[in-house]
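K.L.:
Can you join these two chains into the complex? Each is in its own frame, and there are hints to help.
Quick mapping for you: the protein sequence lines, in order, are chains A and B.
Going by my numbering, the first sequence opens with residue 12, and the numbers climb by one from there.
Going by my numbering, the second sequence opens with residue -5, and the numbers climb by one from there.
In short, the hints are calculated from the structure, not lab data.
Treat the hints with care, since some could be wrong.
[Said to hold, decoys possible] Have a look at the derived ranges for each label pair, beta carbon to beta carbon:
(1) L220/B / L72/A: 29 to 37 Å
(2) K122/A / N224/B: 28 to 36 Å
(3) P180/B / P295/A: 38 to 46 Å
(4) S406/A / L182/B: 53 to 61 Å
(5) N224/B / N482/A: 30 to 38 Å
(6) D19/A / K9/B: 37 to 45 Å
(7) R407/A / L182/B: 47 to 55 Å
(8) E183/A / F243/B: 54 to 62 Å
(9) N482/A / L220/B: 37 to 45 Å
(10) L220/B / K122/A: 27 to 35 Å
(11) F307/B / E86/A: 54 to 62 Å
(12) I192/B / P295/A: 49 to 57 Å
(13) N224/B / T528/A: 31 to 39 Å
[Unchecked claim] Listed next, the stretches of chain B that the computed footprint assigns to chain A, with coverage defined by at least 3 CB atoms under 8 Å from CB atoms of chain A:
(14) 224 to 236
(15) 242 to 255
[What the hints assert, rightly or not] Chain A side only, calculated, beta carbon under 8 Å to chain B, not exhaustive:
(16) L344
(17) R367
(18) S382
(19) L384
(20) R387
(21) H401
We put the beta carbon where it would ideally sit given N, CA and C, even for glycine.
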Amino acid sequence: MALVEVNDLWVTFKSDGKDVPAVKGASFNIEKGETLALVGESGSGKSVTALSILQLLPYPLARHPEGSIKIDGTEVVGRPQKEMRKFRGNSVSMIFQEPMTSLNPLHTIEKQINETLLVHKGMSKKAASARVRELLELVGLDAIDERLNAYPHQLSGGQRQRVMIAMALANEPELLIADEPTTALDVTIQAQILELLADLQKRLGMAILLITHDLGIVRKMAKNVCVMTDGEIVEANTAEEIFLRPRHEYTRMLLDAEPKGLPIRKNAAVPDITSCRNLKVYFPIKKGLLRRTVDHVRAVDDITLHVKQGHTVGIVGESGSGKSTLGFALLRLISSEGEIMFDGKAIQDKRWSELRSLRSQMQIVFQDPYSSLSPRLSVGQIIEEGLIVHEGRGSRLERRDRISDVLKEVGIPPEAQDRYPHEFSGGQRQRIAIARALILKPKFIVLDEPTSALDMSVQAQIVNLLRDLQNRHNLTYLFISHDLKVVRAMADSVIVMQRGKIVEQGPATEIFDNPATDYTKALMKAAFDLEAATPGVVSS
Amino acid sequence: MALSAINRRRLNNFKANRRGYWSMIFFVTLFIISLFAELIANDKPLVVSFDDQLYFPFLIAYPETAFGGDFETEADYRDPFVADLINEKGWQVWPLIRYSYTTINYNLTSPAPSPPDAENWLGTDDQGRDVLARVIYGYRISVAFGLILTILSSIIGVAAGAVQGYFGGWVDLIFQRLLEIWGGMPSLYILIILAALIEPSFLILLFLLLLFSWPSLVGVVRAEFLRSRNFDYVRAARALGVRDSVIMFKHLLPNSMVSALTFLPFILTGSIVSLTSLDFLGLGLPPGSPSLGELLAQGKANLQAPWLGITAFLTLSIMLTLAFFMQEGIRDAFDPRKTFQ
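Chain B extracted, bound-state conformation (with noise of 0.2 Å):
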């Protein structure tokens, strides 16, 4: 599809703020890469030959006994004798680290947590977890569901905005009301009331937090349907006999997407930070989770083994970095009235 021209002076002041155009690279780099993290850490090699036939252990799962063991159990690849019993009739191929995010080592030489070294890069934590293992993961699922709660916040906010801003009057008089009220509750004691009620998983977190995060972009998108539904070409559409789904949709809503999208970079960060400190204060995934708040509370816990305050803080502030930065050339790019020289 060819670009307009539009969007392509939007395409090139993007790529003329190379800030923001080498964090979104890392950081869409960096999530893929994690995207595949079962290929990159994981307790079970990637592909076994055995008796000339080829296995898949990290798709699917194989008895002991496929291997010529004695347990009807899925095999263990890191126990030493299922590695003997592969490699003698045939090889097997590992990913890069050996451990998922919920492999303990047992065969630690200084007691859990222990410091870095060529076995555990970053160490382990103080169950005998590598933590670089658990740093993948957690960094897929802090990005996946801070992406996934700012897509939903977006959806819901933007339509409620809308709404609102299109019909005013009492419509929107009563739906402010409402927003204020809601928006004086205190969202971080009603989560933790919440999660103690139920048993947090992914996605009834991701329900709790969108039930406080989606009034945010309201406003904006409220103001730009306000300032615009007296505009003379939504007048003309009127007068044309257009259905009101149809001008918000058509008319109004892509002219409010730019100030909405100022917020989304603000929305994004205080999403992955939200689930962050819920898991910090232990209310937050369900336990053995790979989550960086998680990993964060450990250090707090043990300052005697530093790697783990430092791993969790840098990757936090190196992920949050890349993902405002990012957001901000995006933002930069579709303003208007930005030069850029």
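Chain A extracted, bound-state conformation (with noise of 0.2 Å):
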């Protein structure tokens, strides 16, 4: 008998009066101490299938019309709440995407990890404060002692997901259904992390759900997967056979959506578009009754650059090593020390109005599309704002026009502008937001981390526009990101950046084939093969 029997489960939502279903008939079977992946893209039903398994989903909102769902021969489809807590962090536990606010920030570590043992166990405080180091270091948290009274933002999103782990691990369930468990990290830290769940299914003998978008992982991870789209699994097999021989067009399409291809070689005798030399941001830390600046974080520390035109300088590095700050730097929307030349002007020591008339040439796109549009002004709003600032009104039929234009450009339908963003998804914000940035046809564009918020099939697409932007309009990009796949695909000379200094620069070719540093190597494998660097040169 398998451990969880789910059969034909159909989940619906409640949505103005209608039931909208969100998985349609989904069946699979997972077995004691195997690895099972959930695959598909944001908006598939993987996350709901997941939920429903542990009867965690808005009721009566939600609704399963039929389907079963059996954990260790028990059904649990329509059992009361108070009867499912007993399965809930006890024969099945979870851990979930976002690290900082799965755990309550007003508790300590100690306190959120016993919370379970003292719940279900019944265990006296002194053998579960035992038990709670015990687990910590069996998820590898270093420095116990002190870490056990810290709060969750002491910690970095690493450590955070491995007190998850901890918590999940607690009650040593015969299930662990990780939804996206590294999605909201580092590259580096998503290796690590990865590495840490395998070694421990390893040692506990125990079954994951493994819910994800990134077939890496999967390859990396899984013995069996199932593929869904739309709320229906469209292909279930072992992961050899579905990396060998996909069946479905979907997983096909999947399995070609990594950001592939190379930059297009460019003429390299080509003026600078914007440089800069001995370029210093230090944020002060303040202690004490007067609020002395005691020290300062170096988040950019005496970095110098030059950003050929047409060019595309990639910046990569882990989270915390300056990289968006020194794009900020550059555009000026952060204060900052050294020179800053632009088209040929200095503009450090311009003053902010004067700023604004060359503020239509250098533009920035965001990392993620959900908090850089406004949620309250129609996608035509969003895109004049830039135009009516630099161009002034002008008349409402032409700026209409040249909204359509530039929506027509990034791939979206012109009608599209009198919609609001919430009525799009990830992949179609990040084009309205690069349309913003574009229509006042800027020379300079600073891309911060612009696909990492995005489905792995909607990165190459956006990936794709981008090159193809950049060869129509000779455009010149600063392409910050932690992940080198993008980097590579998009680069022609890369920048490594460890604690806001460069380590480590080049023509992107030579980097990525000869990497002169351990941490450029640690980078790479963690992006490359999913594989943990020894410990000490990236940050756990």
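P.N.:
Next up, the structure:
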């Protein structure tokens, strides 16, 4: 008997009085001790399927018109919430995507973990405390003595995810549901967490239901795979078969979707569009009663770089290495020290009002397309804002025409300008954000992790779009990313940053073929092979 | 104008909350009716026909001589002598209640305050004035005062909160300290002292209460602005070179309106109650004004005439309850996380 048997599961959500199906007849089994991966793009119903196993959906808004889910032979569909509690966190537990919001910010690490021990096992405080230490050792958290009384905000993303895993393991579950466990993390941390999960599974013999959009992770972790799209499982097979002989066209599409290709070779003898010399951004650390500045966080520490016209410079590094800060400083969106040149003019000392006319030529695209578009403006209003600032209101018709043109260029139907951002998917929103940057015909665009928040298949489309636009308009990009796969597809030259400093720089081909430092090697291994580096090279 | 999807959703949500919806209908209807109080409760006829000529006494003051009387002063239409003069050569149409809020009934059958009877439906107060007429005028003045005060303090509060939240840093720090000092003032005492120095009128009271009611919104709006000023869409607007004032108006204000709206019911009911309490203490509107607080005070002073206290209590509680339910409904309709089933 399988550990979990899901049979013809349907899930519907009530919306405007109608029942909208989110999962349409999914069936799969999870055997003891094995890993099953549920793969699909966002909105495919994979998380909803996983949540129904623990009956964690917002009932009665959500309903199961049909289907059965059996955990260890016990039917759980329709079971009252009170009885479900004996499964949750006990024989089945779960880890979530966002480690920041899944931990209670007001509880110490110890309290987060021993809660389930006290609730489910009725352990004494002393026994629970010993068990917490054991669990934290198991998940490889260092300096446990200090961390026990720390609060979530004092830990890094990777450390928080380790604590989440320790919480989930507290009662030795037979099944661990991991819902996009590494999507919010850096590639280097992702590799470490995946390694940890694989190791724990081997040691504890638990089953894992892994939910992800990234086939790279599936290849590394899973024995069996279910591919989901639009609420249906379109292909289920062993991982080997799926990768060797994908049968469904959607699976083939997913396999094809990784960002590929190389940037087109460009003429090296062109002038710089922007450059900086000895650029520094320091954030003061204030302490004591009088809030005196005792030290600085050196987010960008003495960086000199040149970006040639029409080229793409990739900036890579872990989170916290100062990549985004460098990008903001180059556009003078935050204050910095050092010389900044743009299009032959020194702009460091220009006042905000003097800079305004230059702003049309330098633009930025952000990582998260959900927070970068104002939710209360229509797409047209969002895009026209720059036009109004720089070219005045003009006639309404002419403005609409230009918005239509730029929308067409990024692959969004022009009628979309009268709709609101929430009606679009993540990839479409990112296209709208690119259109906003593009409408002013800028020379230079800072792309701050423009693909990191997107599904793998959408990432490839955005990369292609960006390359396309670059060729057509001779755009210059500063491409910031922690994911070297995407950078390889985009960048002519690469700068590797660590703790605010440049550790390595040069033409992209050189860096990718012969990385000189351990740090760059670790980044590459994590991105291309999902393998963790030896401890100490990258942060944990 | 076509409603956008989100506004249609809000309207539907509001209608789905039946308590809030019906409260709004009652509250607004009562307010509109009270706006035309002169047509309902007045001591002058609406229309007089005299010598085949039409007169509108509730709008225009006519001397008694116009109707063949003796005095040059405005006609007293309640005087049986004047009524006889008019009825001889024409007719007159009276409002439903033949008393204005200042009219004193000199023909009481029992000493004032007299109990409810066919002539004075809710009785008279201790000066022989019709209670129902005073309640109608009092309702109008209370609601109007509450609404105006709410709107003005929202505008000031939102603007102050927006500036603080958007610029942050020293601006915020100094402003917050000033607000704390201001908030620490015993506002009722200061109002009482000021009311003793200046002869209070509607506008002066409005100004005095405004001094102390605007800070209630500042905190909410400031928090919203602080939160969202670092959002990427604000950064993107800055990268486009958009001016600070435009960013505040176009990007940040709409997003902080929902939380500001949450506070409005309390400000409105609070404003009405503070006017009533000042009136109750005798420090509010000038003597003779129709005021629910004054009626309440009379009820307290004349416990042998329970219709005074009961009328004032019922009027106030119904008005405040309706206002609160109405705004609760509006607030919930704007809450994106609220689901109605």
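K.L.:
So, for every hint listed, does it hold in this structure?
P.N.:
Against the structure, the hints:
1. For L220/B and L72/A, the Cβ-Cβ distance of about 33 Å falls inside the hinted range of 29 to 37 Å, so the restraint holds.
2. At about 30 Å, the CB distance of K122/A to N224/B agrees with the hint of 28 to 36 Å.
3. A hinted range of 38 to 46 Å holds for the C-beta pair P180/B and P295/A, which are about 40 Å apart.
4. Evaluation of the 53 to 61 Å hint for S406/A and L182/B yields a pass: the beta carbon distance comes to about 57 Å.
5. Separation of N224/B from N482/A is about 34 Å and conforms to the stated range, judged on CB atoms against 30 to 38 Å.
6. As the Cβ distance of D19/A to K9/B is approximately 38 Å, the hint placing it in 37 to 45 Å holds.
7. The hinted window of 47 to 55 Å between R407/A and L182/B holds, with their beta carbons roughly 53 Å apart.
8. Distance hint check: the CB atoms of E183/A and F243/B are about 56 Å apart, consistent with the given range 54 to 62 Å.
9. Between N482/A and L220/B the C-beta distance comes to about 42 Å, which sits within the given range of 37 to 45 Å.
10. Roughly 29 Å separates the CB atoms of L220/B and K122/A, a value that falls within the hinted 27 to 35 Å.
11. A C-beta distance of roughly 58 Å is found between F307/B and E86/A, which places it inside the suggested range of 54 to 62 Å.
12. Separation of I192/B from P295/A is about 50 Å and conforms to the stated range, judged on CB atoms against 49 to 57 Å.
13. Between N224/B and T528/A the C-beta distance comes to about 33 Å, which sits within the given range of 31 to 39 Å.
14. Restraint check on the region 224 to 236 of chain B versus chain A: 11 residues with Cβ-Cβ distances below 8 Å, three needed, restraint holds.
15. Interface restraint, the region 242 to 255 of chain B with chain A: holds (4 residues with C-beta to C-beta distance below 8 Å; minimum three).
16. Given hint, L344/A at the interface with chain B, holds; its Cβ is 6 Å from that chain's nearest Cβ, closer than 8 Å.
17. The interface hint given for R367/A is met, as the beta carbon of that residue sits about 4 Å from the closest beta carbon of chain B, less than 8 Å.
18. Annotation: S382/A was flagged as interfacial toward chain B, and the flag holds, the nearest CB pair being 5 Å apart, inside 8 Å.
19. The beta carbon of L384/A comes within 6 Å of a beta carbon in chain B, closer than 8 Å, and the hint placing it at the interface holds.
20. With 8 Å as the threshold, the beta carbon of R387/A comes within range of chain B, its nearest partner Cβ sitting at about 4 Å, so the hint holds.
21. Hint status for H401/A relative to chain B: holds, with the closest Cβ pair at about 7 Å, below 8 Å.
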